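Visitor: Chains as they are written, first to last, in numbering that gives the first Met the number 0: chain A, 0 to 893; chain B, 0 to 197.
In short, the hints are calculated from the structure, not lab data. All of these numbers come straight from a predicted model, not from anything done at the bench. Worth double-checking, as some hints may not be accurate.
Unchecked claim - Straight line, CA to CA, 20 Å or less: simulated EDC-like cross-link-like pairs of lysine to aspartate or glutamate:
1) A/LYS63 with B/GLU133
2) B/LYS130 with A/GLU55
3) B/LYS151 with A/ASP57
4) B/LYS18 with A/ASP57
5) B/LYS130 with A/GLU66
6) B/LYS18 with A/GLU382
7) A/LYS60 with B/ASP44
8) B/LYS130 with A/GLU73
9) B/LYS151 with A/ASP276
10) A/LYS360 with A/GLU483
11) A/LYS80 with B/GLU133
12) A/LYS81 with B/GLU133
13) A/LYS63 with B/ASP44
14) B/LYS151 with A/GLU66
15) A/LYS60 with B/ASP152
Unchecked claim - Rough simulated footprint, nothing fancy, chain A against chain B, three-plus residues with beta-carbon under 8 Å:
16) 55 to 69
17) 92 to 101
18) 105 to 115
19) 130 to 140
For every residue, glycine included, the Cβ atom is placed at its ideal position computed from N, Cα and C.
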Amino acid sequence: MPPSAPHTLKRKQPASTPSSSAPNKRAKPSHHHQQKRRDARQLSTQTRTAAFHHGELDVDKYVKSREYEIRALEEGLQRSKKGLNQRAFQLVPKDLRRRTASHNVKRVPQRLQERGKREMADDKTPTVTARRRKKSGPMRLRLETVRKLRALGSSKKQKKEDKKNEKNDKASDSAAKTTQAIPTRRPKVKPATLSRPSTPPAKFRKRQRHKSWLPTHLFHAKRARMTIPSAPLWRFAIPLSPTAKSHRPTHRARSERGCVAWDMSYMATIALEGREDRLLWALKGVGVEEERGGKGGKWIQGLRTRTVVLKACEGGMLAPATVIWCAPASRAESEKGERVRQVWIRVHPAAFLQVWEEVVKLAKTARPQVKVEDLRFEVGSIEISGPGATEALAGALWAFPAPDSNSSMASNSGEKASNLTAATTNNTRPLVPIPTALAETLQALAPLTNPSLLPGDALLAFNIQDPRLHHPPRRRAIPAPTAENQAALLNLCATWPPDIHLPISPPQIFSRAARQAAQRGLRSQKAINRRRALVGPGEVPGVQAGDTGVPVLLYTNSPNVSAVTSSSSSSSSSYTLLLPPKALPAVWYSIMYTPLSTGQQPRFAGLDELRWGAFESGGAWFPGDFPGTEAGWAWEVGVRRANQPVKPKAKQAKEQRETPGCAWEKLLQPKDDGTPGKEGAAPRISGLTQVPPALALKLFPHQHTTTKASPPPALPPTLDPEKALLAVHLTLLTRGVPNERANIYRLPRTQPRRDAWLALYAASRDQRSSRKRQHSNPNTTLREAKEGGGSELPEYISNRRLAHSLLHPSPPPQAGEANYPDCPCEEDLIGFITTGGFSLAGGKGRGVGNLVLSKIRSADGEGTENRESARLCIVRNIGEKVGRLGAWEVVGAV
Amino acid sequence: MVRLKHRYLLVNILYPDPKISNVRVISKDGEKTPYGLQFRQPSSDQLNIQFLLRTVRNGVAELFGDYGSGKVAASLQIKYFSPATSTAIIRVSRDHYRLVWAALSFCTFLPKPVSQPCVFQVVRVSGTIRKAEEEAIRRARLSIRRAQRAAKDSSIPAAEASAIAGALDEDDEDLDVSMVNGIEDRDQPGDVDEDDEG
């Protein structure tokens with residue numbers, strides 16, 4: 000190999016003193032990676048004398064010399080791959096790569112730090128910051144003076160203090176003897192007052208002045224785009240979306256394999272405490288109707304949760320909420336209605352204040368009074384969804400042994416540890432037939448891939464051990480998918496032993512004392528490390544005396560009653576885990592690092608993915624998709640502010656001049672000039688309401704459900720159809736993707752234009768069905784065509800027609816062609832899209848929008864044969880002229 | 000950023016004159032050694048990288064003068080040379096690889112210490128050294144197979160088989176690369192280059 004070309008890279012070697020001519024005595028510049036690279040590129044060769052002894056050539060030697068060459072070249076190919084110049088920070092996994100200060104050795108994982116340091120030394124990368132550089136010249140003198148002055152000052156101060164202490168000692172000598180430990184008073188919880196977040200550590204206090212951090216803020220801030228500091232969402236710093244590309248992976252993890260987790264600690268919890276009948280009365284006041292018997296009975300018993308849409312006393316929709324009863328101490332029905340119980344309402348923070356005010360109003364009027372408590376900062380929550388969710392939870396949560404089985408505690412944990420070690424070899428462990436404890440139920444459920452198989456809204460409450468004792472989480476044995484195991488699992492889901500066999504006690508998470516004891520009882524990381532070190536590597540430290548369990552509550556969220564994806568797997572339900580916020584980070588890390596049997600780890604996601612998930616599964620997201628509610632309107636105002644164009648109006652293109660948000664004012668108050676309020680200031684339209692999803696479903700039942708047509712229920716008198724919005728999910732029937740803020744029109748009233756759209760609908764429907772038929776069996780079309788036209792026409796003509804029809808089926812007009820129907824005018828505007836895009840589950844453009852009730856009811860009034868066409872609409876994106884045909888269905892659940 | 004683009008020439012050196020030979024061709028028990036072996040015999044020990052480089056440089060200077068040698072000088076490099084098989088990989092900048100190719104084609108005699116008639120055969124021009132290496136491997140495999148087959152055949156039908164083995168040369172038994180005159184990819188914008196240390 001010839002001498003390599005001169006290197007032109009920076010800083011590799013000092014230009015003034017080439018190492019060959021003038022050897023540097025102080026530090027020989029090391030060309031570690033250059034040398035490595037050169038070595039990797041070097042190919043070994045054979046000389047003639049080595050290959051052919053005595054200069055003799057025969058076939059064998061000829062072949063051998065070629066073989067040598069082949070080996071050398073192949074080896075060279077392999078080696079040159081390693082010779083690529085990769086720096087330590089380039090070897091970090093994709094999701095841990097960073098942009099700022101990526102070269103900083105202290106910011107790469109520990110295993111790479113050594114290598115990084117060496118590379119930086121080789122490169123002569125300056126690592127010393129100006130702050131830490133050794134000062135020289137006048138600065139050094141100045142600093143020296145400062146140091147001397149400081150020393151002088153401190154000694155003076157010390158003297159002063161000593162004097163003071165002497166004086167004090169004399170005075171307090173007598174007094175100290177009499178003082179005893181004063182018992183601290185228990186803090187009084189004031190009912191019906193808003194709580195404040197606990198004071199953050201001083202280091203982070205300044206950053207949480209106008210907002211609070213989620214318990215996992217430090218995790219998310221490193222890995223996700225957060226809300227900007229000046230504009231927190233609902234007074235929280237919330238992760239919006241992971242920094243890594245994650246749109247499709249998240250969808251895949253949610254719907255196909257893996258799971259996705261969210262820290263939902265921003266969700267607000269309101270606790271009501273009082274007599275059962277009073278609580279039921281108060282709940283009725285916010286629109287939660289009492290149900291007895293069946294599921295409703297279980298709900299009141301605290302065995303199920305319930306997701307409802309809360310309504311204000313005026314009748315408008317407030318927000319979706321989950322209502323959870325604390326299970327009573329005994330299941331006896333005798334003193335029903337009189338015993339004091341607790342119920343939690345969990346609502347979105349956007350609607351918290353409204354709900355809070357309603358609830359407080361009701362609680363104060365109830366006799367005997369109902370106590371209301373704001374638990375916003377006392378209950379944290381994690382939502383986890385996807386086929387691997389059950390497995391992740393079962394792997395991350397370790398049951399805390401019950402207090403009465405104290406004797407078996409040690410053996411129990413020991414057995415678990417041994418289970419762990421045997422996990423890899425013995426994976427045919429039989430399923431526990433009927434779990435004896437609630438936590439064991441979760442373990443038995445681990446192989447479940449769809450939580451919606453469980454009884455709807457099922458609930459499990461138990462105590463867990465500190466997950467840090469089991470960190471890093473290891474894969475637990477999952478029973479082999481044999482027929483027996485499957486049957487046992489199915490049986491478990493069907494019978495749901497927590498309802499029947501297991502003794503129910505009030506879940507500890509409902510008790511403030513238990514929550515606080517759990518948070519206080521969390522061991523320091525140092526103590527945990529010490530315990531782990533004591534048991535040795537690979538072993539799991541058991542629970543010690545004095546440890547407290549962390550009370551948790553786990554419930555499933557029933558899947559959306561989907562409008563579009565009736566049988567798709569994407570509408571699998573999710574779990575919500577409630578737990579004290581201080582224990583949340585440990586559980587979060589444990590979930591994040593649990594290895595799943597599918598070979599991944601759970602993913603995390605942000606608000607955007609949460610919203611997109613609701614969209615994909617055919618639901619709607621509160622508050623963004625319900626602009627009729629007060630919270631939704633606030634969101635809409637926020638969107639308008641964010642989309643405010645930077646350019647002045649006169650310099651904008653025409654399409655940009657349309658309103659930044661959805662122009663509801665234009666639609667609902669046509670008397671006005673139609674311009675929405677000035678920037679930022681958009682007063683809510685008076686009388687604006689949202690039709691609750693359940694009512695909407697009754698008004699416009701889904702088409703694929705084919706229930707018998709019952710007369711639509713009468714509208715409540717408080718609902719003004721002129722100003723009531725209806726959330727719908729719409730699918731485009733032709734091409735195109737609806738964007739956020741797109742306009743939705745009904746089919747035009749005037750006849751030729753209406754017919755044009757209906758013709759387009761018929762053509763697109765025919766094309767879809769024929770395409771389907773061709774896909775299924777191309778021969779049938781052939782046969783049909785032959786049989787249909789073959790009787791009167793000569794064969795060659797029918798064949799020709801057949802060929803023509805197969806090759807050129809008359810396509811529906813495309814957008815941009817002359818015969819494509821025009822977009823309807825403003826008078827046919829019925830609503831706007833609030834979430835839209837290309838649906839990954841559906842493989843086409845879909846959107847969630849809101850329509851004005853009065854406008855679609857007048858369109859719906861035609862005969863039943865037109866029911867299908869009554870659900871048609873035309874969607875036009877902002878800044879476009881082309882209208883796209885779509886069909887809508889109401890959103891039946893939140 | 001402007002990237003320096005190179006071309007890698009895979010070159011075989013052939014020795015057509017049986018009289019001046021670097022090795023004695025011997026045959027076992029009456030077998031006739033195929034002519035191909037003689038034709039592509041190993042190079043002499045004096046022929047090393049430096050010598051080869053000088054030969055090429057002189058050839059370019061002779062044909063294209065100062066202009067040519069100046070253009071080529073910065074990038075010309077012998078990446079690989081194996082005397083036992085007489086195979087070489089030569090790197091030149093993409094803009095001037097034709098000068099080197101021409102010089103190789105016109106070189107019919109290796110100068111002094113070697114003093115031997117020769118033929119430089121450029122069998123492949125590629126944009127990455129990787130592809131050149133892969134081609135070299137493929138050709139080595141092919142020639143092994145051919146030599147073995149020729150040796151087997153020669154034991155029975157004698158003279159003519161060996162003649163065929165030599166005459167057929169190596170070309171295109173199972174050549175699956177789409178090439179035009181040995182150039183796999185002609186100079187096109189957007190060619191990716193692996194090695195750019197120069």
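Visitor: Is the hinted pair A/LYS80 and B/GLU133 satisfied, with a Cα-Cα distance of at most 20 Å?
Guide: Given pair A/LYS80, B/GLU133 holds - Cα atoms ~14 Å apart, limit 20 Å.
Visitor: Given the hinted pair A/LYS60 and B/ASP152, is their alpha-carbon gap at most 20 Å?
Guide: Holds - the C-alpha atoms of B/ASP152 and A/LYS60 are around 18 Å apart, at most 20 Å.
Visitor: Keeping to a limit of 20 Å between CA atoms, is the pair of B/LYS18 and A/GLU382 held or broken?
Guide: With a Cα-Cα distance of about 86 Å, the restraint between B/LYS18 and A/GLU382 is violated, given a limit of 20 Å.
Visitor: Check the hint pairing B/LYS130 with A/GLU55 against an upper bound of 20 Å on the C-alpha distance.
Guide: violated (32 Å)
Visitor: Just to be careful, I want the Cα atoms of B/LYS151 and A/GLU66 compared with a cutoff of 20 Å; is the pair within it?
Guide: With Cα atoms ~19 Å apart, B/LYS151 and A/GLU66 stay inside 20 Å; holds.
Visitor: With a cut-off of 20 Å on the C-alpha distance, tell me whether A/LYS60 and B/ASP44 pass.
Guide: holds (17 Å)
Visitor: Can you tell me if the segment 105 to 115 of chain B counts as covered by chain A, using C-beta to C-beta distances under 8 Å and a minimum of three residues?
Guide: violated (count 0)
Visitor: So if I understand the rule, the pair passes when the alpha-carbon distance is 20 Å or less; does B/LYS130 with A/GLU73 pass?
Guide: The hint holds at about 12 Å.
Visitor: Is the coverage entry for the segment 55 to 69 of chain B by chain A consistent with the three-residue Cβ rule at 8 Å?
Guide: violated (count 0)
Visitor: Do the alpha carbons of B/LYS151 and A/ASP57 lie within 20 Å of each other, as the hint requires?
Guide: Distance ~13 Å between B/LYS151 and A/ASP57 Cα, so the pair holds.
Visitor: Can you confirm whether the C-alpha distance between B/LYS151 and A/ASP276 stays at or below 20 Å?
Guide: Answer violated: B/LYS151 to A/ASP276 is near 102 Å, above 20 Å.
Visitor: Between A/LYS360 and A/GLU483, is the straight-line Cα distance small enough, at 20 Å or below?
Guide: violated (54 Å)
The structure fails hints 2, 6, 9, 10, 16, 17, 18 (numbered hints given earlier, in ascending order).
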